[in-house]
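> Using the sequences plus the hints, can you model the full thing?
For the protein sequence lines, the chains are A and B, in the order given.
Residue 136 in the numbering used here sits at position 136 of the first sequence, and the numbers go up by one each step.
Residue 55 in the numbering used here sits at position 55 of the second sequence, and the numbers go up by one each step.
FYI, nobody ran anything at the bench for these hints, they're computed from the structure.
The structure displayed is predicted, hence computed values, not measured ones.
Note that the Cβ used here is the ideal one computed from N, Cα and C, for glycine as well.
Have a look at the derived ranges for each label pair, beta carbon to beta carbon:
| id | chain 1 | residue 1 | chain 2 | residue 2 | range |
| --- | --- | --- | --- | --- | --- |
| 1 | A | L382 | B | A166 | 53 to 59 Å |
| 2 | B | E150 | A | L321 | 49 to 55 Å |
| 3 | A | S229 | B | R230 | 28 to 34 Å |
If you want the ones that stay clear, here's a sample from chain A, every Cβ over 10 Å from chain B, calculated:
| id | residue |
| --- | --- |
| 4 | S199 |
| 5 | Y327 |
| 6 | I371 |
| 7 | S420 |
| 8 | T429 |
With the C-beta cut set under 10 Å, the calculated list includes, among others, these residues of chain B facing chain A:
| id | residue |
| --- | --- |
| 9 | G218 |
| 10 | C223 |
| 11 | V259 |
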Amino acid sequence: MLHGEASLAWPTPVLLERGEAVSEAEDVGFRRMTLVWVATVLALVVVLGTLGWLMRLTQGNWLTLRPEWFYSLMTLHGLGMFGTWYIATMAAVTYLLSRYVRPSLSASRFVYGLTLVAVSLFVIATLVGRFSPGWYFLYPLPFYSQGVWKPWATAVFFTFVGLLGVAWLIWEVSLLGAIARRWSLPQALGWDVLFGRRSVSDVPLAVHIATVMLVLHLSALLSAVVLLSLYTLEGIGTGIRNDPLLMKNLVFYFGHVTAEVTTNLSFMVVLELLPRLAGRPPFRVNRMFAAAFNVILVLIAVTYLHHLLMDFAQPFWLRVLGQTASYLIPIPAAVVTIFIVLTLIYGSRIRWTLPAVLLYLGVMGVAIDGIGAAFISSTPALQFLFHNTLVAVAHLHLGFVMGVVLINLGFVFQFVKELSRSEESSWTTWAIPVLLAIGGYGLVLMFSLAGVASVPRRYAIYPEELARGVTMARFAIVPLALLTAGALLYLWELVRRWPHAWAASRLSSSEAASS
Amino acid sequence: MASRLGGLASVLVGSGLVLSLGFGAPARGTEADPEGPYGIPREERYLYRPVPAVEVATQQGVVRLDRLWGERPVLLTLVYTRCSGVCYPFVRSLRDAVRRVGGLGRDYRVVVLSFDPEDTVETMAAMARNVGLADRPDWIFGVTAPTSIERLTQAIGYWIRWDPAARQYDHPAVLIGVDRGRVVRFLVGATVEPARLYEVIRELRGEMVGTYPLPRKGVLFRCLQYRPGRGTALDWGFLLLPAPGFAAFGITAFLFWSVRRRRACPVHSPGGP
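Pasting the structure below:
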């Protein structure tokens, strides 16, 4: 590890330096593609965030929304946000990997087109067809609509899932193929330093983390293929029925692994950007990183089992395995998140720009969620108290809003800022993170307090017995407003720079440097 | 590359259309009928719904249901004394199951209510004597007003049909667990199995009672299989859980092996930043 003695000047640019694996034209293509992804993601987030407002206002009895609509919006908001931030993270990962390897630009464009088609189907299924079984469409609910949605909405929804799965599969296989052209699988997985004589590999840490996570997510996509096939066999009227326990295992493997992979890939973005912002040399794979991420690879594959702690039919040893893995995973995760980031920043000459602050807050959000909220989720004694309460919603929002989202916003702002060549003002550097942090943590706090008061999740209207849910939802409007204010301020700062960034994205690195 | 991707897109869109057409076939659980197959009340429609606090007249006096469940949960069943079918065997079966399971008076009370307007406090008391449950304070045999019966049956999805030929009521045999005025569980069937009654009572105590569907026809893959005498054991479907992980690793290994073997796209420099 070369950290500590480095005294490099803050490098400019941080993101826009072209790697040697791609040509000038490809580099321009990846920049434009990244901007297109960013614009799409932010547009989706504005719409999906508005749905979050509608739901909270409904739960606070300040808005009258029919329950069928509430659950449609809940499905759209939940699964939409989940997929949107996975896509955002993958867009950032693809751009960062293009500095080391040569991903396929045409695959990236194809994936974008397919994603748009899939998202359109999802919107049709939920808003037109009112498909509303919740974000993880737990079996057999999609088949039992109680007249709320028609069978065609179920079909459109599963077509959306299938298309998005294919899009992600192409994206991931193309990235793995690009890595394979330069490094062997043992090198990319860090096995040469883990089991060999070398202590440091020439593989950049970003490539190593991406490889581990993409392999893992490939398994999640394959489990989604199995899940979708079983749903289809039953759905098309073959007379075949499915085992609810098997279906629940499959859907949670897919969902949990996707969430973990999104988190770890966003952390890869931090480890790629933060050293440059802090004036440190980039990370290479050493034994600590290789050990940590290989352990994480195995543990993530089994931690999903903590979602089935309340399913008594699940074999006991599987539940023990899930709980043990859930308790173990914070150790390597904490080492490579909190510890590395703190040592990276300590004594460095980091400039606390808006992206740096957002990246730092994002890592801390992931750490708090991973060590705190995940611990609650994986402890049976606490599950008896909090299972299916708003505590689970708090956990999801903490990990995503205060972790993955902040990291992605940091990446996007740095990207656009560099392209447009405009620094942010000092007040926005602090105002945006302060609003996002107070609003985000406030939102999570209100969900948590409601959960502690036994307010269940997925309730459109709270009955008299759950009147506290109404009160909490009303109080939650305050942090939600602060979070929205921070997000709007961020968007304003981004939109202001967008025309310059878009124009500059057409220039090659050398042209941009000389302009 | 673009043309290959275009071909793939056509296949996907086509598959999506086929899938959409295929999914048009099933539509389950959409009917508004409160009765399930064979007239079995649909528990899922009435769970946690409020039960009307009707007045019940007994030999000891008039008591409101909410006073009863205000003290402890109630097992409620609807019968009529002229019944030549399921009512008497059902109440006897319930009596035996309650004796086996225990907890009567401590954890719950049983209310046996007549839905027949011709029944009286006396006929219900006679029924209690007939089944050997007279003078048991935690067994409440009573009648209520016809309007109350209508409210009650509508609230819990219970149905009654008069058969003029047989001069008998057609009705299901149901035991309903009521906790703090809300339906907690239905137990349907002429015979009350002690094991099933124990589940209802545990549910009324606030304990979690797990359920897992029994093996049924048409299930391709199951995680577990139940074998009498041996309990649950892993089944073949369980292999579908680790399979994606191993397949993903195999596919990745093959991808790296084939790409590196072909070296189709040379890298400009191995240095990197």
